[in-house]
Each structure stands twice: as structure tokens, then as C-alpha cells.
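Going line by line, the protein sequences match chains A and B.
With the numbering used here, letter number 52 in the first sequence gets 52, and the count goes up by one each step, no holes.
With the second sequence counted from 1, adding 1000 to any position gets you the numbering used here.
No wet-lab data here; the hints were simulated from the structure.
Even glycine gets a Cβ: it sits at the ideal position worked out from N, Cα and C.
Fair warning: there could be bad hints in the mix.
So the derived label-pair ranges between C-beta atoms look like this [stated by the list, open to error]:
{"id": "1", "chain 1": "B", "residue 1": "Gly1125", "chain 2": "A", "residue 2": "Tyr89", "range": "28 to 34 Å"}
{"id": "2", "chain 1": "A", "residue 1": "Asn118", "chain 2": "B", "residue 2": "Glu1072", "range": "39 to 45 Å"}
{"id": "3", "chain 1": "B", "residue 1": "Pro1227", "chain 2": "A", "residue 2": "Lys72", "range": "55 to 61 Å"}
{"id": "4", "chain 1": "A", "residue 1": "Asp140", "chain 2": "B", "residue 2": "Lys1155", "range": "37 to 43 Å"}
{"id": "5", "chain 1": "B", "residue 1": "Trp1060", "chain 2": "A", "residue 2": "Lys72", "range": "55 to 61 Å"}
{"id": "6", "chain 1": "A", "residue 1": "Asp140", "chain 2": "B", "residue 2": "Ala1164", "range": "47 to 53 Å"}
{"id": "7", "chain 1": "B", "residue 1": "Trp1060", "chain 2": "A", "residue 2": "Gln31", "range": "47 to 53 Å"}
{"id": "8", "chain 1": "A", "residue 1": "Ser6", "chain 2": "B", "residue 2": "Arg1239", "range": "53 to 59 Å"}
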Amino acid sequence: MNHDFSKLPEIFDRYSRNPESLIAVLQDIQQEYHYLPCEALQETAKNLSVPLSKVFSVSTFYNAFSLTPRGKKIIRICKGTACHIRGAYQLQHQFETMLGIKAGETSKDLKYTLEVVNCVGACAMAPVVIVDEKYHGSVDVSNVKRLIKRG
Amino acid sequence: MIKFTINGKLVQADQGDMLLTVIRREGIDVPSQCHHQAVEPSGACRLCMVEITRQEWDGWSKFVTSCLYPVEDGLMVTTHSAKVIQLRKTIIDLYLARHPNSTEIMRLASEYGVTRTTYETVADGDDCIMCGLCTRICAHMGFSAISTVGRGHDKEIAPPLKEAPTDCTGCLSCANNCPTNFIEFTRDSNSLTIWGRTFETLACSQCGKTTITRDFAEHLSKTRDIPIAYFEVCDDCHRKETAKTMGRVVNWTREVQA
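Construct all of the structure, not just a fragment, from the sequences and the given hints.
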């Protein structure tokens, strides 16, 4: 995949160029490209004086980082205990059918990524679906279409 | 100087020494898989656990990984109490379930009288105990070519991007120090393959025996300021050379003295 990597120096300039800035830099790269492109990892290693193996180790450790492209819109279905009891499974099934992808996958047009997460701490409004960073409570199957379209 | 006791015996150590170092110095056998004196301890394998207490703890004690615990004045260390043995047995039990085919784990288990695991055996369990010694040694060598990748069940040791590592020189420090001999490499007459990368090896100009890889020789030559030709002679031939030179010196000394 071809990317415009001209933004990388600007990201590096936001922090001091040392190993301590690694996670902050990776977070910004993730935000910019929706994943961590291989070239960006190599540039990060060079610019922060961190071995590439360390950069790879950190980026595979945290769930917040992805090494494969992710969709523009990220839909997270909570499957904590409360959400599970109040129908998260049916929601997941509905999302998977409508988007044509399984949980953990990204649609081919890179528009959507569907994820299943554990408790997000909003059990009172179960079942919860998070679209990008917005929380939606008491979601039922009939809301799924609207959530996919508008978020 | 720090004074404390190990199994009731009074010992002395320097400030900053780790318990395991002193225990081993006293000739006491405490098992450990992830420890290597050349690199920083990490406490990954948990086998070097010992029981510690102090006079003022009123009979309370705690368990610590001795490789990571700095010596303290007045500490009372027990390396083989019933509780410690039980703890080590549990750890070995877990290792045995996860690495049923590892000869090193089996050796340890028989030493501690663990005959079979009480957990469900991981049928396709490999021999990597995730101690991370290889990554620490690789970093210490100045390469950092491999690291832990992923986490939880899927954690493994791999080169970056799981591709042939560009920073590796084929020095074999990782494979030679792996406690369970898990890291594999293959040798050919003039090449060596490890981590999916093949390296050219040098041959001894005198006896033809394979020495180290060209990449490693070049690295040593650059960082230690040793001419590359030095690595084109194997250790045995170097020794022969030295013996010859020494012989000549001895003869010459005799002649001068006579």
C-alpha cells in the first residue's frame, strides 16, 4: 500500500527524539494512518534511536496498535458480562452479516473495522457499541443499520 | 559490606549484589533457566525463588526471585525450605505441561521429583520457555536483532516483522545460550542459517575449519579494532601459533641464560 510518509517528520518533531517517546509516536502514527505501516516502524526506529526489534515488540504488544490496515470507522462491540447478557451476541451477528466481515476483520474497502472488546465500564447502558470514540448504549439489532451509516 | 545468612550460615556480600550471585558463590544449587551472569537479570523463569525473612518480621516470610533481589543486612535466606521446594515444584509442573518434550525441563522435573504434570499437557508445545535470555544477550551484544513479539498465548521470540533480521550477524549467541536449545540453526560447508537468514562463514586459512560468519567478523573487526585476517584463522590454529612463538621465546631465553 502506498502512503504519503511526509507527515512522519512532523510526528517525530512533536516529541523529543529519544526512546522514551516510542509509544507516543506510535500512537500518533496509528491515528494518522489507522495502522502502523512497516516503513513507519523503520523510520521510527531510526529517528528515536530504538532497535527495530524493540519497536516491533512494542507495536505487537499493545492492542491499540495494529500492523494491518484498519478501517476509517472502527466499530467496537462490548462483550463484557452485562452486555453479553443483554444481547451483545445478537448485535455482533447483525454487524457481521451487514458488514460481511467477522469480528477482528476490516472490510475490503477499508471503511469499517469490527472489533469485539471486553468490558468498557459502561455496564448500566448495556449492551454498548462504540463507534469511533462515541459510546452508544441500549443498542438493539434494529439500531445496527443506523450505527453503520452514521455512527 | 553487607552481612546476612543463607541457610543459617553467615555470609558477606557487596552492596548491590543479587542474592542468587551470593547463593551460587556459596556453592548452593538453586535452579534457574533465564539467568546469565553477563546480562541484567530479569526474573522471568521464577525458578530461583527463595524464602526470605528478618528477625523483626515475627516469623513471617516471603518469596522472592533471588536473581533480582539485592542483598540486605540482617536478611535470613532459606534456599530449600519445604515451602520453596513446593513452589518450585509447582513452577516445574507448569513448565512440564507447556513444554512436555523439552529434555531440559524433564531433567529439572526428575531432579525435583515431579514425575508428571497435574495440568493438561499442551500437545504441540514447543521448547521455548519465554525466558527472554536470547533477546537480552542479543541486545547486550549490540545487535538487538530479535525480540519478544505479541503477548499472552501468542507471544514468541522473532526478528522484527518476522522477516530475516537485518541486524543479525549470525554470532549464534542466542542459540548457544538458549537454556532449552530451542533456537535452531543449520550449517553448511561455507554458510550458516539462523532466523531465516543465511550467512557466509569464513574458513581457517591454515586447517580449513569453519570459523565465524563474515558479518560477525566484520562487526568485531570494526568495533574491537581487530584486523579481519585474525578471524580467518581458527582458535586451534591461533593456539598452535602462540605455542610455537612461546617455544621460540623459551629456547631463546635458555640460550641467553646459558
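Cβ separation of Ser6(A) and Arg1239(B), checked against the hinted range 53 to 59 Å: holds, 57 Å
Assessment of proposed distance window 28 to 34 Å (beta carbons of Gly1125(B), Tyr89(A)): At roughly 32 Å between Cβ atoms, Tyr89(A) and Gly1125(B) fall inside 28 to 34 Å, so the hint holds.
Supplied distance hint 47 to 53 Å, evaluated on CB atoms of Asp140(A) and Ala1164(B): holds, 51 Å
CB-CB spacing for Lys72(A) and Trp1060(B) relative to the 55 to 61 Å hint: holds, 57 Å
Outcome for the supplied range 37 to 43 Å, where the beta carbon pair is Asp140(A) and Lys1155(B): 38 Å Cβ-Cβ, so the 37 to 43 Å window holds.
Hint check for Glu1072(B) and Asn118(A) - Cβ pair distance inside 39 to 45 Å: Because 41 Å falls inside the window, the suggested range holds.
Pairwise beta carbon distance, Trp1060(B) to Gln31(A), judged against the given window 47 to 53 Å: At 49 Å between Cβs, range holds.
Range hint 55 to 61 Å (beta carbons of Pro1227(B) and Lys72(A)) holds or violated: holds, 58 Å
Of the numbered hints listed earlier, not one is contradicted by the structure.
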